[in-house]
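K.L.:
Whole structure, please, built from the sequences with the hints as guidance.
Going down the list, the sequences are from chains C and R. For the first sequence, my numbering gives the first residue as 1, with consecutive numbering after it. For the second sequence, my numbering gives the first residue as 1, with consecutive numbering after it.
Calculated from the structure, these hints are not laboratory results. It is possible that some hints are incorrect.
All copies of an identical chain are treated as equivalent in the list; a pair is satisfied when it fits inside any one copy or across any two copies.
Below, in silico cross-link-like pairs of lysine-lysine (DSSO-like), each with a Cα-Cα straight-line distance of 30 Å or less [claimed, not checked]:
| hint | residue 1 | residue 2 |
| --- | --- | --- |
| 1 | Lys131 | Lys84 |
| 2 | Lys105 | Lys163 |
| 3 | Lys278 | Lys84 |
| 4 | Lys293 | Lys63 |
| 5 | Lys202 | Lys163 |
| 6 | Lys163 | Lys84 |
| 7 | Lys220 | Lys163 |
| 8 | Lys84 | Lys105 |
| 9 | Lys202 | Lys105 |
| 10 | Lys289 | Lys342 |
| 11 | Lys202 | Lys131 |
| 12 | Lys84 | Lys208 |
| 13 | Lys289 | Lys268 |
| 14 | Lys202 | Lys289 |
| 15 | Lys202 | Lys84 |
| 16 | Lys93 | Lys202 |
| 17 | Lys293 | Lys62 |
| 18 | Lys278 | Lys131 |
| 19 | Lys289 | Lys278 |
| 20 | Lys131 | Lys105 |
| 21 | Lys220 | Lys93 |
| 22 | Lys268 | Lys220 |
| 23 | Lys62 | Lys208 |
Residue strings, one per chain:
There are 2 protein chains.
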Amino acid sequence: MTGKPDHIQAEAGRITISVDAMGGDAGPAVVVAGIAMSAARNPDISFILHGPADQLAPLVAKKHALQGRVEIRDVHDVVTMEDKPSQVMRNGKGTSMWSALDAVKNGEAAGAVSCGNTGALMALSMLRLRKLPGVNRPAIAILWPSLNPQGFNVMLDVGADVKADAEDLLQYALMGTSYVRNSMDISQPRVGLLNVGTEEHKGRTELKEAFALISENAEKSGFEFVGFVEGSDIPGDIADVIVTDGFTGNVAIKTGEGTASLMRTALKEAFEYSFLSKIAALLAMTSLKRLSKRMDPRRVNGGVFLGLNGTVVKSHGGADAMGVSAAVKLAFRLAEHGFAEKLAARVASVGAHTQDNTASRDLRAATEKD
Amino acid sequence: MTGKPDHIQAEAGRITISVDAMGGDAGPAVVVAGIAMSAARNPDISFILHGPADQLAPLVAKKHALQGRVEIRDVHDVVTMEDKPSQVMRNGKGTSMWSALDAVKNGEAAGAVSCGNTGALMALSMLRLRKLPGVNRPAIAILWPSLNPQGFNVMLDVGADVKADAEDLLQYALMGTSYVRNSMDISQPRVGLLNVGTEEHKGRTELKEAFALISENAEKSGFEFVGFVEGSDIPGDIADVIVTDGFTGNVAIKTGEGTASLMRTALKEAFEYSFLSKIAALLAMTSLKRLSKRMDPRRVNGGVFLGLNGTVVKSHGGADAMGVSAAVKLAFRLAEHGFAEKLAARVASVGAHTQDNTASRDLRAATEKD
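P.N.:
The following block contains the structure:
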C-alpha cells in the first residue's frame, strides 16, 4: 500500500479499513456491530468487509451508520482458531483473512483488522504484505495500562516470533518508538529493554549485545534509552516502550492479564461476602466502574503488526463490539498519521546506518518524518 | 545438614532456623521483630541469628518471646544489594549471609532465611551447601496467589539461572512437585510447562523436548502433567506447579506484581476521586481489606532455593516483620516435613531412572517418602 494513501483518502474523503468479519469467537454479528460503532462516531471512515455475503449483507443492512460505507467482499472460507499457520499459508486463499490482507496489499484499504487466529494472521501478513526492507523479524506491539501520564505503555514483541537477536531488538526499539510517536503524540519516547535485573552485567548474552546496539542508536533516532527494565516496569512509569522477544513478551502480557483477572475475581468475591459488603458494593459502584474502565482491556484492544508493508491490527479473538471498534479506531489513527510510510523510512534509514555508518542524511530525514 | 534433623530437633524439642539479620532494606530491627512474631506463635522454633552482636543483642533483649531462643553469631560484614555474586563468593566469608548458610551446612540449623541480595545468596548457597547429586541447575520456587482451592500455585525457576534445558525443566517439575507435597498437602500435584500457546507444536525447541521428558516421568513420579500452560494460567486453576526457565519466570512474577500494584493504585485513585467515593470507600473498607489480605504478597513471602543440600528461603528485600515471619514459617514447615531429605531422594531416584531406566525400586521408595 506504500505510496497509495492519497488514492484511498480521495474516495469521498474517507480512509478505508479492511475488516475480516470472520474467525473471531463471537462471529460476524459482533464485528459488524463494532464497525457500526466506529462509523457512527467517525464520519471519515469506510470499510471493505470480508466474509460470506449472504451472512454479512443482512447484518450490515440493519445498521444505519453503515449505509453507503461498506463494500462486502464475498468469500466463503474461514481461518479457524485451530488452523495451523503453515496450513493457512498453503490453503488460505479464499478465506476472509487472506482477502482482508489483499485489500491492503492492493492499496484499496489503509489497514486491515482481524479477530482471527494470531499465528495464521501473522503468517499470512508476511506472505501477502512482505516484510519491510531491513526487517528480519516483524513484531506484534500492544498497549499496556501503565502509571505513565498517557495511561499506557507499548510492549513488543508479544508473540510474532519466539526468538529475537540483538539486531531484532534494536529494530523493535525503532518500530516501537515510531508507533508511540504516531499513536500517542510523545516526541521523545523512553525505551526500556526487558531483563531480569537492571544491572548491566545481568541477563542473557543477546541482551547485553542489544543494550550496546540500542544505546548507540538512541540519540540519533530520537528516543531516550533508559536501559534494562524489569517486569514490574511494564505497567510502570519509567519507559514508554518495552522491548523484548516474543516468547517473554507473550508470557508477560498473559501473566499480567491473568493477575488482573484474578484480582477482579477476588474483588468481586470480597464484595459478595456478606449482606453488608453487598450494600457497600452498591455504594462503591461508581468508584468500581471508574477502576474497571481504566483497566478495561477492550479500550486497548489491538495488537499492531510492525515491520510489514502495511498496517495490520489483530483484535482479541473474544472481542465484543466495543473491542472491535477500538481495534478499528487504532487502524484508522495509524492510517491517518501515514504510519506505515514513516515506519518504513525509519527502519530503512537506521538499517543503512548500522550497515555502513554513512546514512546520517537519511537519518535526519527519518527523524523529521516521524 | 542431610541426616542431622534428629540432632536439631533434639535440642529442647525445637527446630532451629538460621537467620541472616542483615542485608534487607529495612535493617536488622525488622528481622528481629519478624522472628519474635514467629517465636510468639510457635513454641517449637529457635533461632541462630547472624550479624553484629552489638546491634543485635539489644534488639533481641527487648523481645520477650525471644528469651532463651536465640543464639547470636557475631559477624560484622554485610552483603549489600549492590554486591556482585562473584565478589561475594570470593570475599564473602565474614558476612552474615555466609555465616547463616554455614549453620545449615554444619547441621546446626534446619534451614536458612535471608532478606539479602538474591544473586549473592544463590551463589553462596551453591558454594557452601553444594548442589544435590543429579541437579544441574538449582531453582528458586515461589508461591503465587491463584484461583486454585489452596489459594496458591508454585512457580519455578523465578531467577536462579537465566537458562534451562529440557533436563533442567524435568528436574524443576520433580522439585516443584516435592515442594507442593510438603508445603500444601497435595498428594498428586498437577504440573504445567509454561509456553506461548497450549498446542504441542508451539514454542522453543527445548520446550518440546521438555514436554516429552516430563510426560514420560509424570506417572511414575506421582504427578499429573497437564502439558503446556500460558502466562494466564500462573494465577489460574489448571496447574499447581508452573515450570519455566529463570528468565521467563522472573519476568512473569515481576509483571504480575507490577500489574497487581497498578490495580491497587487505580483502586485507591478510584475511591479518592470525589467526596462521595471517599464515603463509599469507608463503607467498603471491610471488603477491601478482605481483598487486600488475599492478595497480600507478605503472606507468601519467601522464595525457596531448590536443588541444594539444605533449605534456603529468600525473603523479599523489602519485607516487613510480617513478611520475615512468613519466610521463617515456611522454612520451619519444610524442616518439620523433612523436605530437604525427601527432595534429595526424589531427584536422585529419577536421575538414576532417566540415566539407566533400572531404578524403579528407588522410585517406589521416593514415592513412598514424599
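K.L.:
All hints are to be evaluated individually against the structure, with a verdict given for each.
P.N.:
Right, here's what the structure says about each hint:
1. Lys131 - Lys84: Answer is within: at 21 Å inside a copy they meet the 30 Å cutoff, but 42 Å across does not.
2. Lys105 - Lys163: within (27 Å within a copy, 41 Å between copies)
3. Lys278 - Lys84: Close neither inside one copy (46 Å) nor across copies (52 Å); limit 30 Å.
4. Lys293 - Lys63: Within. Shortest intra-copy distance 26 Å satisfies the 30 Å Cα cut-off; inter-copy 48 Å does not.
5. Lys202 - Lys163: both (19 Å within a copy, 12 Å between copies)
6. Lys163 - Lys84: Result: close both inside a copy and across copies, 19 Å intra and 28 Å inter.
7. Lys220 - Lys163: within (27 Å within a copy, 34 Å between copies)
8. Lys84 - Lys105: within (23 Å within a copy, 52 Å between copies)
9. Lys202 - Lys105: For Lys202 and Lys105, only the inter-copy Cα distance (28 Å) is at most 30 Å; the intra-copy one is 43 Å.
10. Lys289 - Lys342: For Lys289 and Lys342, neither the intra-copy (38 Å) nor the inter-copy (49 Å) Cα distance is at most 30 Å.
11. Lys202 - Lys131: between (32 Å within a copy, 22 Å between copies)
12. Lys84 - Lys208: Only across copies: Lys84 and Lys208 sit 17 Å apart there, 34 Å inside one copy, limit 30 Å.
13. Lys289 - Lys268: The answer is both: 12 Å in one copy and 13 Å across copies each meet 30 Å.
14. Lys202 - Lys289: Classified as neither: same-chain Cα gap 41 Å, cross-chain 38 Å, threshold 30 Å.
15. Lys202 - Lys84: The answer is between: 10 Å across copies meets 30 Å, while 37 Å in one copy does not.
16. Lys93 - Lys202: between (46 Å within a copy, 24 Å between copies)
17. Lys293 - Lys62: within (29 Å within a copy, 50 Å between copies)
18. Lys278 - Lys131: neither (54 Å within a copy, 53 Å between copies)
19. Lys289 - Lys278: Close inside one copy (15 Å) and across copies (14 Å); limit 30 Å.
20. Lys131 - Lys105: within (12 Å within a copy, 57 Å between copies)
21. Lys220 - Lys93: neither (43 Å within a copy, 47 Å between copies)
22. Lys268 - Lys220: Close neither inside one copy (49 Å) nor across copies (40 Å); limit 30 Å.
23. Lys62 - Lys208: neither (56 Å within a copy, 49 Å between copies)
Taken one by one, the earlier hints fail for this structure at numbers 3, 10, 14, 18, 21, 22 and 23, listed in ascending order.
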